[in-house]
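Asker: Just so you know, the sequences run in chain order U and F.
Each residue of the first sequence is one higher than the last, beginning at 1447 in my numbering.
Each residue of the second sequence is one higher than the last, beginning at 55 in my numbering.
Rather than coming from a laboratory, the hints here were simulated on the basis of the structure.
Hints may contain errors.
Claimed, not checked - Derived CB-CB ranges, DEER-like:
{"no.": "1", "chain 1": "F", "residue 1": "V107", "chain 2": "U", "residue 2": "R1459", "range": "39 to 47 Å"}
{"no.": "2", "chain 1": "U", "residue 1": "R1459", "chain 2": "F", "residue 2": "G103", "range": "38 to 46 Å"}
{"no.": "3", "chain 1": "U", "residue 1": "P1463", "chain 2": "F", "residue 2": "Q97", "range": "36 to 44 Å"}
{"no.": "4", "chain 1": "F", "residue 1": "D65", "chain 2": "U", "residue 2": "S1520", "range": "22 to 30 Å"}
{"no.": "5", "chain 1": "F", "residue 1": "N114", "chain 2": "U", "residue 2": "A1502", "range": "36 to 44 Å"}
{"no.": "6", "chain 1": "F", "residue 1": "T123", "chain 2": "U", "residue 2": "E1511", "range": "14 to 22 Å"}
{"no.": "7", "chain 1": "U", "residue 1": "A1502", "chain 2": "F", "residue 2": "Q116", "range": "37 to 45 Å"}
{"no.": "8", "chain 1": "F", "residue 1": "D65", "chain 2": "U", "residue 2": "G1506", "range": "23 to 31 Å"}
{"no.": "9", "chain 1": "F", "residue 1": "E85", "chain 2": "U", "residue 2": "P1522", "range": "36 to 44 Å"}
{"no.": "10", "chain 1": "F", "residue 1": "Q86", "chain 2": "U", "residue 2": "R1459", "range": "37 to 45 Å"}
{"no.": "11", "chain 1": "F", "residue 1": "S60", "chain 2": "U", "residue 2": "L1472", "range": "37 to 45 Å"}
{"no.": "12", "chain 1": "F", "residue 1": "H101", "chain 2": "U", "residue 2": "A1516", "range": "14 to 22 Å"}
{"no.": "13", "chain 1": "U", "residue 1": "K1489", "chain 2": "F", "residue 2": "D126", "range": "15 to 23 Å"}
{"no.": "14", "chain 1": "F", "residue 1": "G103", "chain 2": "U", "residue 2": "E1455", "range": "36 to 44 Å"}
Remember, it's a predicted structure, so these values are computed and weren't measured experimentally.
C-beta atoms are modelled at their ideal positions from N, C-alpha and C, and glycine is treated no differently.
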Amino acid sequence: MPMSQPDLEAALREGFPDATIEIEDLAGDGDHYKARIVSLAFKGLPRVRQHQLVYAALKGRMGGELHALALETSAPS
Amino acid sequence: MTDATSNPVHDWIAKSVSEHDVILFMKGVPEQPQCGFSAVTVQILDHLGVDFVGVNVLQNDQLRDGIKTFSDWPTIPQLYVKGEFIGGCDIVREMFQSGELKGMLSEQGLIEA
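Here chain F stands alone, though its shape is the one from the complex:
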């Protein structure tokens, strides 16, 4: 996913995704998303009842750029589960609609089956 570099933003992101089971890099905060794609992703996670940490990338330009290079993914939001990059809004929505997301989260013990 990313090379070991001396990029402090990447280090911070790597630490964050390893410390939180479900973490969403988004525009705005979960209570008040500032982009429709972030809002949809938050709604899906809320609907599934999974605890997650939201990181507002708008607070910091280095973070906003850093998450894109860290994941090799040009857009926000970005969802990580147990340290693994799951995808952006489209993939999360597809996985939700197919039931795959719920299955994965319950397999990981993050929501009740």
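Next up, chain U with everything else stripped away, as it sits in the complex:
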């Protein structure tokens, strides 16, 4: 079951209110996205923890509703 891009963006926005978020629909099928998220929440964290924060913001939809989300996370430089 795909997740719409506005839903995805809203969930990420809620999880990372300060963030710069860019989302690309890679396959045009609402099921394969790429998200670039720049947020202070990631500062000093290893990448695994950064991605875990994103997955937590998606509240279990990752791996279910959302099959593929390529992530690029970083803290503002």
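With chain U held as given, fit chain F onto it using these hints.
Answerer: Leaving out everything else, chain F in the frame of chain U:
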């Protein structure tokens, strides 16, 4: 990473990651991955010439769910090196492209520098 529980799948995963220096939980087998993300990760490991064990999570639903809760990570593949969770496809690819993965594997004595 995970609490000591009586979850037999978690026990099995913990034992597996401690017994193998490089272990990839993936969809399909290294010779025939069944998902593009698993395929990319296998290609990177092959390219670096590191020996690894592939565990096909599709063989067993308990394993497929168990690895997600064990690592607190919702997707497959998942790479472990020397018992440590490295990440999924995106992180492995980023670390490969930056040279960090090769550096780490050679530091650990798993590939020739």
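Asker: State the violated hints by number, sorted upward, taking the hints as numbered earlier in the document.
Answerer: 4, 5 and 7
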